[in-house]
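S.K.: Okay, here's what each chain looks like letter by letter:
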Amino acid sequence: MSFADATPQEEYSLAVERMAVRALDALDVVGGADATAPGTVLGASTAELAAVRILGADLFAPHLLSGAPLHAGLAEAVAMADAFRTFPPEHVNGQQLSGQQLTDRQLGAHRPSDATVVGWRDWAASEVLSRCGLPPLVRPPAESTPAAPEDGEGRWQDWSLWMAKLSPLAVPGLDSPVHESARHGMRALGRGTVRAMLRRDYRTAARIARWLALGQASGLQSPLRLEPLFRQVRLFGGPSARTALDVRVGERLALAVER
Amino acid sequence: MLTHELARTTDTATVAPEEYSAVTSMMAEGEAPLSDAPLYSPEDVGGGLLVLGLLLSPKPPKDR
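As they're listed, the protein sequences go chains Y and R.
Residue numbering for the first sequence follows our numbering, beginning at 3 and increasing consecutively.
Residue numbering for the second sequence follows our numbering, beginning at 521 and increasing consecutively.
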């Protein structure tokens, strides 16, 4: 669907919502089998390819959560490879580099740039793609990953927000310095989630809570009870399918512990 | 498949810079800029209730 007077952001937002609904449907299929009908093409338009690129590794969440086999013939894998060709990492990442770095320098801040966020998300998507049998496309970002804040450190807000932006990495099977940082920062993640809930920013809360659920799934103690948290976000988080996908992935990760 | 081949004709040359920017900004989506959480201000509520109570309270009976 294309609108002559819609901005790319509006058009892509709609496409991402549709793609998230599709991923949610795939999650509901028992065993995480490919919910795509044979012959269905994902990413038939630029907006859909952009949506594939934006969702990144989340597109494969149904397979990763259920342990369903990944292969190069998956509609998701074909679409992701196309999306990387249409929106190459160097183009997408380069769009924000200059402005963001300037802002950081002016502020004197030592926080990771959005380019690093995009870099890690690209790495995650590329990593899953390589598990489908396709050649890896993206290396991990060169910029160092910020360590999890210690108790009493004031930077837990910025750090937890940064982790929220990296929520597509919070799926089983991926491991990186970001994951290591999350495992050491469960308390800071808990604080960030509570702050987002108090602000009624349910989308951010769900994204951070995914990391808590992943930590819990790997045997760590979550500082928050996740089941009522996700239920609250599901009830009050609005109609966004992206938020619903974050909630569903978090619930599935939390459920994996109880089994 | 004709549909499939038509769908794969997009290339980088057709993507405008603002489209790249849109993808970048949506990938690095931040928190909601404004919270709609109600702010707790008991002194405002208390003062308002006091004035309202005074206005609505019946006058004491006059002694003659």
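Do not take every clue at face value.
Simulated DEER-style distance windows between Cβ atoms [what the hints assert, rightly or not]: (1) R:Leu-570 / Y:Pro-241: 38 to 48 Å; (2) Y:Arg-202 / R:Val-565: 40 to 50 Å; (3) R:Leu-569 / Y:Pro-225: 30 to 40 Å; (4) R:Val-565 / Y:Leu-16: 37 to 47 Å; (5) Y:Ala-8 / R:Leu-576: 48 to 58 Å; (6) R:Gly-568 / Y:Gln-234: 22 to 32 Å; (7) R:Leu-569 / Y:Thr-9: 38 to 48 Å; (8) R:Thr-534 / Y:Ala-258: 20 to 30 Å; (9) R:Leu-570 / Y:Arg-227: 39 to 49 Å.
For the chain Y half of the interface with chain R, some residues (derived, Cβ under 8 Å), not all of them [said to hold, decoys possible]: (10) Ile-56; (11) Glu-92; (12) His-93; (13) Arg-141; (14) Lys-167; (15) Ala-198.
It is worth saying that the hints were derived from the structure and are not from the lab.
Beta carbons: idealized from backbone N, C-alpha and C, even for Gly.
S.K.: For every hint, state whether the structure bears it out.
M.R.: Checked hints:
1. R:Leu-570 / Y:Pro-241: 38 to 48 Å: 41 Å, holds
2. Y:Arg-202 / R:Val-565: 40 to 50 Å: Violated, since Arg-202 of chain Y and Val-565 of chain R (Cβ atoms, about 20 Å apart) do not stay within the stated range.
3. R:Leu-569 / Y:Pro-225: 30 to 40 Å: Because 38 Å falls inside the window, the suggested range holds.
4. R:Val-565 / Y:Leu-16: 37 to 47 Å: 42 Å, holds
5. Y:Ala-8 / R:Leu-576: 48 to 58 Å: 53 Å, holds
6. R:Gly-568 / Y:Gln-234: 22 to 32 Å: Check passed, 31 Å falls within 22 to 32 Å.
7. R:Leu-569 / Y:Thr-9: 38 to 48 Å: 47 Å, holds
8. R:Thr-534 / Y:Ala-258: 20 to 30 Å: Once the Cβ atoms are compared, 42 Å apart, the range 20 to 30 Å for Ala-258 of chain Y and Thr-534 of chain R is violated.
9. R:Leu-570 / Y:Arg-227: 39 to 49 Å: Since the Cβ atoms of Leu-570 of chain R and Arg-227 of chain Y sit about 40 Å apart, the hinted range of 39 to 49 Å holds.
10. Ile-56: Cβ of Ile-56 of chain Y sits 5 Å from chain R, so the hint holds.
11. Glu-92: 10 Å, violated
12. His-93: 5 Å, holds
13. Arg-141: 17 Å, violated
14. Lys-167: Hint on Lys-167 of chain Y: holds, closest Cβ of chain R at ~5 Å, below 8 Å.
15. Ala-198: Holds, about 7 Å.
Consistency with the previously given hints fails for numbers 2, 8, 11 and 13, ordered from lowest to highest.
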